[in-house]
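Undergrad: What follows is each chain in one-letter form.
Number of protein chains: 2
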Amino acid sequence: MSRKKPFTPSWSEKAPVPGTIRSVIKYGSPTAFKHPSPGWVRMMMDEFHMSEDDFSARREEGNAPVALDRPVAMEERHIERFKAISGAANVVTDAYSRVRYACGKTTEELMELRKGIIREVADVVIHPRSKEEVKDLVAYCNEHGIPLYVFAAGSSVNFGVRPARGGVSLVISTHMNRLLEVSEKNQTARVQAGMFGPAYEEALNRAPELFGTKGRYTCGHFPQSFEYSTVGGWVVTLGSGQASTYYGDAYHLVISQEYVTPAGTFRTREFPAAATGPKVNDIMKGSEGTYGILVEVTMKIFRYMPENRKHFSFMFPSWDEAVEASREIMQGEFGLPAVYRISDPEETDRGLKLYGMPPFVDAFLARRGYRPGSRCLCLGTVEGDRDFTKLVKKKIMKVCRAHGALSLTGFASKKWEKTRFTEPYMREDLQDFGIQIDTLETSVTWDSLHRVHEGVRACIKARPQTMCMTHASHFYPQGTNLYFIFLMRTSETEEFRSFQRGVIRSIMENGGSLSHHHGVGRMMGPCLEEYLGEEQMGVLRALKKHFDPQGIMNPGGQLGLDLP
Amino acid sequence: MSRKKPFTPSWSEKAPVPGTIRSVIKYGSPTAFKHPSPGWVRMMMDEFHMSEDDFSARREEGNAPVALDRPVAMEERHIERFKAISGAANVVTDAYSRVRYACGKTTEELMELRKGIIREVADVVIHPRSKEEVKDLVAYCNEHGIPLYVFAAGSSVNFGVRPARGGVSLVISTHMNRLLEVSEKNQTARVQAGMFGPAYEEALNRAPELFGTKGRYTCGHFPQSFEYSTVGGWVVTLGSGQASTYYGDAYHLVISQEYVTPAGTFRTREFPAAATGPKVNDIMKGSEGTYGILVEVTMKIFRYMPENRKHFSFMFPSWDEAVEASREIMQGEFGLPAVYRISDPEETDRGLKLYGMPPFVDAFLARRGYRPGSRCLCLGTVEGDRDFTKLVKKKIMKVCRAHGALSLTGFASKKWEKTRFTEPYMREDLQDFGIQIDTLETSVTWDSLHRVHEGVRACIKARPQTMCMTHASHFYPQGTNLYFIFLMRTSETEEFRSFQRGVIRSIMENGGSLSHHHGVGRMMGPCLEEYLGEEQMGVLRALKKHFDPQGIMNPGGQLGLDLP
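Sequences listed follow chains A and B, in order.
Residue numbering for the first sequence follows my numbering, beginning at 11 and increasing consecutively.
Residue numbering for the second sequence follows my numbering, beginning at 11 and increasing consecutively.
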């Protein structure tokens, strides 16, 4: 049997032309690409009944230059004042900047942009150079009732950076992106909010050269959006890194913060703990730009010991066994793994196909009782001290085996690690051929996990020709995060929007949290009051009124605070 | 040389007569006593130049019946309404109840009570039977502007339960003290706020019998006041248990809470984590009764595995070495011990004397370089899985030895464990002879530890004939808690008060936190604004205004919220 060369769609391989819509929608580096594998293409052709023809011509690529027919609706005297504060070069009103710094990476906005639909933009884009400038800008905007938005890395998936009421967008990452101080004694780092993940991690790794420390450090926070996210963004949207099971969520990594708000500027104190009333340091986390602007943050850091990292992967005979083994690991009190994830049967089977498992391996697994449609992949890493990682891995092996799992060595885990940050690059390719891939995540307790998993899957699968792959990641002794990935062929924004809103509703109705680590933004904003209840929403609104009585901070639906 | 029988002061051995001041001031069980050892007595006689005569007659014992010359300043119609809500038997106005439920265990209030000085009391004491009753009571008091206080176990050391504006004191621990639910799957327990520590722990230990679980559980939270503290008290005052280095502070143990506030009743959701805006669940912690009343709380629980507990103790040659070893342990990423404490030289030397170290041991230690005035005792435990505790203990041994420490086996640690909850019983004995023992604690970062330790010690020692013993306990990778114990001979309340306020000021000026785990109450309240800064204090006040616009919840200085 001769092997046909696999069919390859005409993926785009060109860096977007500067100034085009394409350059706004492209994820990450303009010159970096990650195309779906041949396995992926075959799977989509099968699932969506697509022919090679359907993959021959890219559509709605957004190659036209950004065009904006909305004049700057801001008095010239304000703009002059902004220039006096931040320098003329850092205050811009060109169409491209106004559009680029108004957009995140929500599937819906990408679909719309491709069709040339541009939603709300700011009138003026400012790149402040210091926290003192931010203070002056906030004070001025507050005085004149000018809406103020913050843009950092722009990977928001919930319209979190959309300037819904025009005004000013502050791009905090252009200049305010440095690591200011490393305290080796306290194991903390003081960093400007606009610093990107890789620059932050690299500076910590190189702390001996840059800060004269004895040891090297790591930030411990690696979300999938790592390359296009900032330290400040992690904190104000309550992100979780892939190794959060060990290092903690962004929430847990913050020691102190400095905020500029219309009600004043303050820095919380740097104690590891204190019994001095409700913690303002925690109150600010997750405020998503609605209370004030995070300008500096002191984070916990950790010793950088990659040489101790252990990898593991397992195949479980069923989702139930995978879940029970995971619960035992998280509650076993022998130390927690760093990365840890279990894939449900659909994700497992598709993953095995995509990564090209040889047929004999499949047959071997099936013979051993690890059958398609039931078997579940588990992978992860352990980090920390050498003896600790050895112990934790040994314990995990023992628990997994007791639950019928087969060890697959560290291979799958290492393979996953290599591409952990590049998955989002595939979205452009898929969208070029009218396929949408999106994700929703939710926090679950162990006793609600199965209900949420089954209920939300049923909701997604109720749409014909829709794939749904689910994994659990980010574990706690009390529960985990369910991460739903869904793929569908559609170019109809309205259809996609109503489908996605239906999935969000299904998550809520089945007892999951509205979000685990993607935040609320404007997409979940309308649901927040129903989710939290009137009384708790009232608390968030009281804080809003305190910090921002004029309603200038990220107005227009963010966190649902100013919705009726 | 004949050995003289050690002198024993005439300690009180009688349970206080019911209805007396003595019965209000006595710590813990009326029939339990723990007298200072002969070593203690000798030390006090030496330090305070006291003779056996000075220890012959107890003074200001408070044996008189409670007398209160203040009529109930509450309209009868309100009292009738309270009786309609909570039952006539649970609404009392007798002098004894009004005094008893107005007092905590601050040294200053005990000194005053012994002199017959009674500060503010509530007009009515109510023992609510359910959260529904609490809701009705809060609504009624809010409608009529009646101040509302909460009393649970009464071990507050900062006037936290003092009804500064009269009104009503709710005793939450009389009826609302049950464990409602144990979720073995989620490893959580839902408990009424007024449940005492020992009852809670016992019910968790006996979960198989009481709730049909497979395993036994522990709460992981054991403050020194364990026997006379409640779960709700731990949460609203931000307590720390002695094993907090492993289990976390009360703050970290809370999964969700139900509050009754003038602005409404709500229960936060039970997710292990969520990115849904600022966390109301965390905003409420530490509110010390000023925002609302905590009625139920869902706490993390842990597997009960006492058989795995490992003990260790060491002698370090110096405080510097003890601190550096501790930092290495907390930052070493091999797992954390449960109990962990290091005593400074004064505490170490006094401790060795008090617990009667034979002279040849002393000589041996000194010969080995562990000299009085320099050497420091370290003790602790490791908890968790068996292999985990084995590893962590081994690692701790290694680090300590590398810092010049001598292992003393687990003996000292086991000895400490036996008396860990009974130390507070000694206070009555000491006060009977005009000696005050009190403590202040503060959170420090590693790089501020020595400055705070030296500065605060200098402040305390500036008073002649004043002992100061310090240990660090409750450790974090970023720092620890310094716990100052001071002893002095005085019966002058004003002198004691101004001395103590001076120590608090010294803590602040040297860079420590205002409190690590004793809370704020009315004692630290006047300092809170200076400590947090105007902007952060403004946040706490904005929340206060939202929850309690009439200012009925614990008014009169608590957290400094209603101070000018």
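Be aware that a few hints might be false.
Intra- or inter-copy, both count: the list cannot distinguish identical chains.
Stated by the list, open to error - List of simulated lysine-lysine pairs, DSBU-like, C-alpha gap at most 35 Å:
(1) K125 with K400
(2) K24 with K403
(3) K145 with K428
(4) K145 with K403
(5) K403 with K424
(6) K424 with K400
(7) K125 with K404
(8) K404 with K224
(9) K44 with K15
(10) K224 with K24
In short, the hints are calculated from the structure, not lab data.
Undergrad: Can you tell me if K145 and K428 fall within 35 Å by alpha carbon in one copy, between copies, both or neither?
TA: neither (41 Å within a copy, 55 Å between copies)
Undergrad: Can you tell me if K44 and K15 fall within 35 Å by alpha carbon in one copy, between copies, both or neither?
TA: Intra 20 Å, inter 86 Å, cutoff 35 Å: intra-copy only.
Undergrad: Between K403 and K424, at a C-alpha cutoff of 35 Å, which is it: within one copy, between copies, both, or neither?
TA: Close inside one copy (15 Å) and across copies (32 Å); limit 35 Å.
Undergrad: Classify it for me, K145 with K403: is the Cα-Cα distance of at most 35 Å met within a copy, between copies, both or neither?
TA: neither (49 Å within a copy, 50 Å between copies)
Undergrad: Using 35 Å as the alpha carbon limit, work out where K404 and K224 are close: within a copy, between copies, both or neither.
TA: Close inside one copy (31 Å) and across copies (25 Å); limit 35 Å.
Undergrad: Give the relationship of K224 and K24 under a CA distance limit of 35 Å: within one copy only, between copies only, both, or neither.
TA: neither (44 Å within a copy, 60 Å between copies)
Undergrad: One pair to classify: K424 and K400, alpha carbons no more than 35 Å apart. Within, between, both, or neither?
TA: For K424 and K400, both the intra-copy (17 Å) and inter-copy (30 Å) Cα distances are at most 35 Å.
Undergrad: When Cα atoms must be at most 35 Å apart, do K24 and K403 count as within-copy, between-copy, both, or neither?
TA: The answer is neither: 43 Å in one copy and 57 Å across copies each exceed 35 Å.
Undergrad: For the identical chains here, do K125 and K404 meet the 35 Å Cα criterion within one copy, between copies, both, or neither?
TA: neither (53 Å within a copy, 64 Å between copies)
Undergrad: One pair to classify: K125 and K400, alpha carbons no more than 35 Å apart. Within, between, both, or neither?
TA: Neither way: K125 and K400 sit 53 Å apart in one copy and 62 Å across, limit 35 Å.
Going through the hint list in order, the structure does not satisfy hints 1, 2, 3, 4, 7 and 10.
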